[in-house]
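Take the given structure of chain A and dock chain B to it, following the hints.
The primary structure of each chain is shown beneath.
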Amino acid sequence: MNIKGLRTALVLGLTVAVGCTDGNNGIKENVNTREPDARYVGQAVGNFSAAEWYPGGELGTTENVTAGCYEDETPAVTAQGLSMAFNLGEAAFERKYTIATAPFKGLGPAYLRSSCLDCHPGYGHGKRQSEYRATFGNGYLLVIYHPVDGQNSDDGPYVAEVTGMPQTKATYPFLPPIEEEKIDIQWLPVTGMESGLPMIFPDGEEYSLIYPEVNIPESAFNTKPTPYETGAVAFRLESTIGIIGSGLLDAIPQDSIREQYRREARFVELNPAFWDKEANDFAPTAWYTLADGQFADGTPAPAGTKMVKRFTYAMTRASLQDGAGANAIWNITNVSRSDRPKLYTTTAWATAMSENPDVIAAIKADPTSPYYADGSDEGIRDAVLHLLDPGTNQFDNQWHNFTADMSDEQYYNFMVWHRGLSIPRARNLNREEVQLGKEVFNRIGCATCHRPSWQTTDDNHWKPAVLADRELPRYQDQTIWPYTDMIHHRLYMKNGIHGSWCRTTPLWGRGLSLTNTGADDRLHDCRARNVIEAIMWHGYSKESEAYPATEKFYNLTKEERDAVVEFINSI
Amino acid sequence: MKNRFILGMAVAAIALSACDDSKKEENSSSFENDIKAAVEQYVPGVVYSTYNDLASESAQLYDLLAAAADKGVENLTQAEIDAICRKFLQARQSWEESEAFLYGAATDFGIDPHIDTWPLDVEALATALSNTEQVAALEGEDGIAYASAKLGAELLGFHGIEFILFRDGLNRTVSALQGNEDHEAFSGKTVTGAQELIYAAAVAGDLRDNCYRLSVSWNPDAPQAWQERCKELEVPVTLSGSDKTYGENMLGAAQAGSTYATWQETASSILIAGCSNICNEVANVKMGNAHSGEDVNYIESPYSKKSFQDFIDNILSIQYSLYGKAGATAPESKSLINILKNYKYDGADALQARLSESVNALKECQDKGAFVDIYRDNAVQDAMDVINELDEELNKAAQWIVKQ
Chain A
1 MNIKGLRTAL VLGLTVAVGC TDGNNGIKEN VNTREPDARY VGQAVGNFSA
51 AEWYPGGELG TTENVTAGCY EDETPAVTAQ GLSMAFNLGE AAFERKYTIA
101 TAPFKGLGPA YLRSSCLDCH PGYGHGKRQS EYRATFGNGY LLVIYHPVDG
151 QNSDDGPYVA EVTGMPQTKA TYPFLPPIEE EKIDIQWLPV TGMESGLPMI
201 FPDGEEYSLI YPEVNIPESA FNTKPTPYET GAVAFRLEST IGIIGSGLLD
251 AIPQDSIREQ YRREARFVEL NPAFWDKEAN DFAPTAWYTL ADGQFADGTP
301 APAGTKMVKR FTYAMTRASL QDGAGANAIW NITNVSRSDR PKLYTTTAWA
351 TAMSENPDVI AAIKADPTSP YYADGSDEGI RDAVLHLLDP GTNQFDNQWH
401 NFTADMSDEQ YYNFMVWHRG LSIPRARNLN REEVQLGKEV FNRIGCATCH
451 RPSWQTTDDN HWKPAVLADR ELPRYQDQTI WPYTDMIHHR LYMKNGIHGS
501 WCRTTPLWGR GLSLTNTGAD DRLHDCRARN VIEAIMWHGY SKESEAYPAT
551 EKFYNLTKEE RDAVVEFINS I
Chain B
1 MKNRFILGMA VAAIALSACD DSKKEENSSS FENDIKAAVE QYVPGVVYST
51 YNDLASESAQ LYDLLAAAAD KGVENLTQAE IDAICRKFLQ ARQSWEESEA
101 FLYGAATDFG IDPHIDTWPL DVEALATALS NTEQVAALEG EDGIAYASAK
151 LGAELLGFHG IEFILFRDGL NRTVSALQGN EDHEAFSGKT VTGAQELIYA
201 AAVAGDLRDN CYRLSVSWNP DAPQAWQERC KELEVPVTLS GSDKTYGENM
251 LGAAQAGSTY ATWQETASSI LIAGCSNICN EVANVKMGNA HSGEDVNYIE
301 SPYSKKSFQD FIDNILSIQY SLYGKAGATA PESKSLINIL KNYKYDGADA
351 LQARLSESVN ALKECQDKGA FVDIYRDNAV QDAMDVINEL DEELNKAAQW
401 IVKQ
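Chains as they are written, first to last, in our numbering: chain A, 1 to 571; chain B, 1 to 404.
Okay, chain A solo, but in the shape it has when bound (with noise of 0.2 Å):
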């Protein structure tokens, strides 16, 4: 499903058409009074810079806008040669797993999806989902955890029993740790603001909101012990974060992240978890240690090399090489690999299965099954117990030595593909209501964790042991605008994010959503059905710490508020 991008000759000369017209004119009949922006891509206009025509930078940005664009390779993919890689790279990203097929298999024996496209869209967030199936389009991982207050706060670690991103599949004959017939979701109407902010604009016009409520009751677990057994359970969805421009963001030096903390830790209480404000610099807990590797530029980087994390809504990792993707191709199809021997299971479940009398029954009457031992009822238990837990290394244990599933050179193309997807032009800066937005967008503080530009320099990124030797696309010496200080913040929304705390969304390209997608849903549950909804759930609370932008919002005229709207989709 690949597209080329889109020349920018195409929207240049879109300027022509409508361009030459001075008002009214028979061209208009039949075309849209909006002025295209082609004459003015690569050039500064109003208040935006030429160079914000290339949200990505010269290396990073496809000028195709249209649909299918989140899917193109950066030029920095074609100028290094790995367009090859790319390819089969994407294929396995848009193509279904399989249990021995060739050439995706591995799937299981306990996965959330067959296929990366399930959850990401049309390569965009998942679509909000008001039943859970492990199909197309869902894109939500289930949170499950005890909750501090033993009911329904948002902070709580998550429960042992089942894995941390928890899986609704398994394949024959094992049962899925969670039957997903037994999710209910229930969208819910906000009544009120806790922050008091009405829910009416003061000129009139009205905007709702709506939250998820998750229930998963206990009968729906198939593990042992139950989290209910072991406390209090509480439940949040969390959507796939966009995958597009990936790199960019592990380009971002990190003593430049170490700044951007230290300027707003003069303002705000930053995570604990990650800045050390005495210190003035990163927390111990902010700092990812990484297995054996290589940097980009040969140097060694040998295991317990630390890097800060950035990546993930919690910021729960730090290299995008062993980042949310390149775990999700392993962990969400539990799909082994050289570097990844062991299964994404949980000792419950494995518990639950090895006495499940079905899947002994099933097993025992399966000579070939791996599962099988000596073909006891007790043998085959312990093979079970142990095969499915996450302790085991698959490729070297004493019941069935499995091969990896995915080779090295699968995963490397996967890698390529991850770093090398490209962020789309933006749209619009040459209109009066978009450089209006900028200048309310930053006026009213958004622009505070929304930070706007970052500069790359020499990418030194690092790359595991198992890619160490092989290029991955590089972005070096770029000004890219993502809009996001890379940084955790709090909005204290109702049945808010797991863990409370949220790394700022990059808003580059989500304006493209609906034309790559289908969809527009926004936020991290995808409640928000538009980006006002998105901005107002900033102001829920007064504890928000986006509550005083947000109440700046609320108050702009309807023109202003369009005008950020506008804004932020032509970003």
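Simulated from the structure, these hints should not be mistaken for lab results.
Please note: incorrect hints may appear among the correct ones.
Claimed, not checked - For lysine to aspartate or glutamate, the following DMTMM-like pairs were computed, each having C-alpha atoms within a straight-line distance of at most 25 Å:
#1 B/Lys244 x A/Glu533
#2 B/Lys189 x A/Asp358
#3 A/Lys494 x A/Glu543
#4 A/Lys105 x B/Glu294
#5 A/Lys364 x B/Asp182
#6 A/Lys224 x A/Asp389
#7 A/Lys364 x A/Glu378
On a predicted model such as this, the values are computed, not experimentally measured, just so you know.
Structure of chain B alone, referenced to chain A:
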């Protein structure tokens, strides 16, 4: 490789050509009206028509397979199996001929990956069909719904049916279907041809429903029965947040409520998001991943050995989009290719030449054998090269259109 237009060149072109006189405005108006007319020909003539064929043929395929499953494999004749295989290939052809407009409903609703993903998970199929409860569910009154909801896309769509109907490039024989499945993935399992037909019928029902949805999602005047079926399935058939079909949205370009701001943008979407997309897919993914990647496992249709025919149909899908009518061997008067010619685009002949050369190059490959057998052959590289050239011409044409 994905080519990208050089920004500076585009700016220079605009600087030289834009806003020179009032005649330009008149020409632009006429030009836009001509594009509008071509799009008004393209949407019903190509998209509605192709999806109509696809939906009709997939419905017929389902009827044939359901009848065969009901009749019982022991009573089937080879002629009946051959007829089912022909109908499969007919529906498959219509699908491949629709791949120059995968943008829209096919992508947004995930229909493309639902009905045309690969590889088929043969081991999972063996497990499913050796489970008597599962086969009973597929055979039951709600068999189609069960298939749709429970089998997973890795067992659904064209390639699942293909596995049942074809093997090693040939139609399955009556005797093979009257025996037990002998594919290596079924080793140790007893799966009968009767069970396979039950599965194929249920999957064909799901395929039919998705093809109905494609038609209904584009054409507001799709047959009432298909619309009713979509209502019964409770699936969206309009753009998100709109009551417009994808066809209405495109035909309403340059008006409020359409996602296409101008007619030029509409034409460029047809050429880039549609035609260029499948060009690149055929040359660099469908062929390239197997040929350049030197891995036979990346071949999409190994059972019927019809890959080259699929690729030819993909390129013909581009031809029909340019010519304004499904099945066209010559352009309609109101067509994108005629606009290029009538307005003296100097690349129009090259575009047409690369188009026919692409089809011919693929036919040369086809004459040499099945893709799975000759995927390393130089003829494959030659075909990939000319299809990439066609892609370049499509992009140049799109550039030219928006400059007028």
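- Message: Which constraints among the numbered hints does this structure fail? Numbers only, ascending.
- Response: none
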